[in-house]
Amino acid sequence: MEPIISIKNLSKNYGSKEVLKGISLDIFPGQVIGYIGPNGAGKSTTVKILCGLLSDYTGQVTIKGMDLKTETLEIKRLIGYVPELAELYDVLTPAEFLSFIGDLYGLSPNVTQDRMIKILTALGIEGNIYQRMDTFSKGMKQKVLIASSLLHNPEIIILDEPLSGLDANSVIIVKELITMLAKEGKTIFYCSHMMDIVEKVSEKIVLIDAGEIVANGTFSELKEKLGDKSLEQMFASLTAGESLSGAAGMIMDAMSKQ
Amino acid sequence: MNEMINNFLLRIALSPSFLFRKYGVDQRQLKTILTTKLTMDDRRPSGFRKNWSREKNKEISAATLITMFVSLLMGGVFIMAFQITNDVTRMTVYFSLFIIMLSLFLITDFTHVLIDVRDNFIILPKPVSATTFLSARLLHILIHISKILIPLSIPGIIAVLVNYGIWGVVVFVPVMLLLTLFTIFIVNASYLLILQVFTPEKFKSIITMVQIGFTILLYASFQLLPRIMDRFGISEFNISHSAYAWIIPSYWFAGAWKFFYSFSGEPAFIVCTLISIFLPFFSIWLVVKYFAPTFQRKLSLLNTSSGSDNKPAVAKNKNGHTSLQIISRLAWLFTSRGVERASFLFCWKLMTRSREFKMKVYPQFGYMIVLIALLFFRQKSNNFFSDVSNYHASDIFQILTTIYLCSIVFIGAIYQIPYSDSFRANWVYFSPPIDKPGKIISGAIKSGLLQFCVPMILAVLIIVLILKGPDLIPNLLFGFSNVILICVLFARIVAKKLPFSMSPQNAIDGSTSSRRILMFLTIPIFGVPHYFVFHYPVIEGILTVISLGASIFLLNSIKNLSWSSVTLPD
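Keeping their order, the protein sequence lines are chains A and B. In case it helps, the working numbering puts the first sequence at residues 1 to 258. In case it helps, the working numbering puts the second sequence at residues 1001 to 1570.
Quick caveat, the hints were computed from the structure, so don't treat them as lab data. Honestly, I wouldn't trust all of these hints.
[As the list claims (entries may be wrong)] Label-pair distances were calculated between CB atoms; the ranges are:
(1) L1568(B) - T135(A): 17 to 23 Å
(2) I1546(B) - M255(A): 31 to 37 Å
(3) L1065(B) - A254(A): 41 to 47 Å
(4) S1017(B) - T135(A): 34 to 40 Å
(5) L1134(B) - Q60(A): 26 to 32 Å
Ideal Cβ positions, reconstructed from N, Cα and C, are used throughout, including at glycine.
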């Protein structure tokens, strides 16, 4: 099978700082990829490159056989993106915001309207469709963003910390949604810090640290390689070495001294 | 009404559809981006109204109308330039005011259009081509400008019509358009220059400083300009006689207007005409070709945590900067150990670092300086170092006003202290075991007094001493002790809110604004008796001690405020 996303030797610098150091990765249709790594590892940069936000990278990224550098617009049509920071135009109402997004994808207003109401109802904020979002909680904004990424029925969905601020019930809905989307053949690129959820939803886990892939495989493959540990423990041993184990002890120690 | 104006401008902006087709602009996307952006503009308080009036506006929807009205008003003020008799001088002054005003509008109101980083996350990941996106941004700017431009220039157009007839207007309008293009270029170039020199993180703070500077400049020009014109007989002045005229851009445009209006063959005006036609188009070409792409790239670095390798501002050594050491020393001197001192230091840092706070308070410093300059400007007789006993009533009035006005800066600051965009962090006051929240408030007030009131007092003290001599010392001391008392009294009555604990949305309710007016009325309550003891230094000495004692007493009473007597955030 042809990979839907193929990354070859991807590097990216910010000035003299090398953020990605030659990442290579193949992702196949219907896969859920858990993309994890500590802060500053290069996760967000990878996501921005995949979404076509950053174009001054070196290496090759092809999506469905198209080069990301030359066929950016075509590729953007295939992707749904949930940004990390709950970024939206919050003086608008969800209805206005989503119609705007629908228009940008060239959907007919009826389709947008129909899908938006269905998705927001499923996420439990149908009562807020016509209220301005500046009073919304982070979780509510996050739901609108999730809706905005699904409106155009994308083939690839890139989620950057999609669960931040969501309540427990919504987390269950989104987890289920991820599984169902994957069954439909959608490819999901899931960036997160929440190891337990990544462990549960991802088919394949890619761990990056300091701009390099340090582990790549299914959870059971990783277990074979790294021993029978939880993903959290694997993460710590690969990215922090021994430095974590002493940290809690040092904190306890600090409090005991007057 | 609002929507009508927006729709009208939108229709005009979208009319050259053949052009869009030619350059591959997706018209549907263009329309939807513009409509959305205009809707958002309407719901956002304009930078102007945020500074000029502070009415509570939770749901803003008439922003367009209000912006247009403010521009119309400003345009009306500019007509004072027409008092000048010489044609070119008059136009130079009018155009200068116009350039300043338009740049100010562009900078204050436009930061959000130029620097809406959310576009990076919302529009750019969607299949929108670069041409479509740039066209949308450009048209958005044009629509926005015309909302300001049209009302701003209407009074000028009428004045030209009255003074020069139809032909004057026919020539005036295109010159104004050229001037506008040129101004857009200047604003763009200065943005870019700032971005070149400073890191993107600093960009917003710099813009804030520019905005503050501009606000003060504007205020000063309204207050001082007519008086300067009066005093130096500028109304008779002919700018063309001065070689310096050539460094003023508005002179070029004034010259061009004169050339077209009278077809005078004067070489200077022909040069002006050439410059004013060539320069705007050249600069717009520069903007599109070189500035816009660089700008875009620089902006995409804004707000991206991983996007820059600039280190955040950190204290230089363990004890922090020397300025922090001085502040700790001040805290040690003026506050008691524990909560009050902590609050003093905390508020000091927030007041000096918070952009929103500076934006609201610093312009008042500027207003003060302008007001004081004004007072000295009014004074006709130059009685430097004359004996105090020879002072006229008007001299005394001037000195006392200068002294007592110092309290206004503090009152402005103290009023802003409870409000902050990061008000949700107010849990810091509730989670630790604090017995008396009055300590937090008194720390904040002392911090404000030392940061805003004392420097102001010292500055005025030094200026007055230099200008008027040491005879005034007893009066200055008494006056300033009263200023401190007024400030503390105001703080005691109004400041029942914890510092930086409330949403700026709640900043105004009727009761506080009426209280504020009341407080301004208390200034004469102290000032008028001072007037009567002006010539009696011994009485002033005794009153100074009493006044300082009262301040200390009031500060202590603030410190003892209990949880039940402070206003808690919702």
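Requested in this report: Kindly confirm whether 31 to 37 Å is satisfied by the beta carbon distance between I1546(B) and M255(A).
Outcome: For M255(A) against I1546(B), whose Cβ atoms are near 51 Å apart, the range 31 to 37 Å is violated.
Query raised in the report: Measuring from beta carbon to beta carbon, are L1065(B) and A254(A) in 41 to 47 Å?
Result: violated, 59 Å
Query raised in the report: Between S1017(B) and T135(A), is the Cβ distance one that fits in 34 to 40 Å?
Result: holds, 39 Å
Requested in this report: Check the following: the C-beta atoms of L1568(B) and T135(A) are separated by a distance inside 17 to 23 Å.
Outcome: Once the Cβ atoms are compared, 21 Å apart, the range 17 to 23 Å for T135(A) and L1568(B) holds.
Requested in this report: Note whether the CB distance of L1134(B) and Q60(A) lies within 26 to 32 Å or breaks it.
Outcome: holds, 27 Å
When each numbered hint is compared with the structure, violations occur for hints 2, 3.
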